[in-house]
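Engineer: Sequence:
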Amino acid sequence: MDDSNTTNNLQDEQSVVLQDGNGIEHRTLENVMEDNFFRYSMSVIIERALPDVRDGLKPVHRRILYTMNRDGLRAGSKHRKSATVVGAVMGDFHPHGDTAIYDSMVRLAQPWSLRYPLIDGQGNFGSMDGDEAAAMRYTEARMARPADELLVDI
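Quick note, in our numbering, the sequence shown goes up one by one and the last residue is 585.
Hints listed in this document are in silico derivations from the structure and should not be mistaken for laboratory results.
Warning: the hint list may mix true and false statements.
Claimed, not checked - Pair ranges (Cβ atoms, derived):
(1) Leu-481 with Val-583: 23 to 33 Å
(2) Val-475 with Tyr-497: 18 to 28 Å
(3) His-457 with Tyr-497: 44 to 54 Å
(4) His-510 with Asp-486: 19 to 29 Å
(5) Lys-512 with Pro-482: 21 to 31 Å
(6) His-457 with Lys-512: 51 to 61 Å
Even glycine gets a Cβ: it sits at the ideal position worked out from N, Cα and C.
Whenever a hint applies, use it, and build me the whole structure from the sequences.
Structural biologist: And the structure:
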């Protein structure tokens, strides 16, 4: 086997950054995509997927609770359709689709998901056995007392 051929193949696979006299970097598309995708994926994990250390909530959870507080859906108020809450959150703060918002809202209402549920749900919010929650048009929600305490300073 020719060692010079193997060396050339290894150099082609490694990321090589060449800089010309004008300060322009010449990089392979593969290298740029790999580097940028890694940075993007890490920022998504840190900003959206991991709960915050301060309160244990993800940004979508905070947006749901803030919207419910703003709209007067506190622990002592009447329940309101979940679709109304999801629409308000999506329209004002979280334009990523209603399913992600409703699934997060359902999780906040399930007593087996959180030690202290932050949403008081009325209707079918799923079961421990893995049954799905009913569609948002069939359920109603308001904040639970622990959520009121979380938002007392706002």
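Engineer: 18 to 28 Å was suggested as the range; check whether the CB atoms of Val-475 and Tyr-497 agree with it.
Structural biologist: At roughly 21 Å between Cβ atoms, Tyr-497 and Val-475 fall inside 18 to 28 Å, so the hint holds.
Engineer: Go ahead and decide if the range 44 to 54 Å is satisfied by the Cβ distance of His-457 to Tyr-497.
Structural biologist: Holds: the Cβ-Cβ distance is about 47 Å, inside 44 to 54 Å.
Engineer: Regarding His-457 and Lys-512, is the given constraint of 51 to 61 Å on their beta-carbon distance met?
Structural biologist: 57 Å, holds
Engineer: 21 to 31 Å was suggested as the range; check whether the CB atoms of Lys-512 and Pro-482 agree with it.
Structural biologist: 27 Å, holds
Engineer: Measuring from beta carbon to beta carbon, are His-510 and Asp-486 in 19 to 29 Å?
Structural biologist: 24 Å, holds
Engineer: Lying within 23 to 33 Å: is that true of the beta-carbon distance Leu-481 to Val-583?
Structural biologist: About 25 Å separates the Cβ atoms of Leu-481 and Val-583, which means 23 to 33 Å holds.
In summary, the structure agrees with every hint in the numbered list given earlier.
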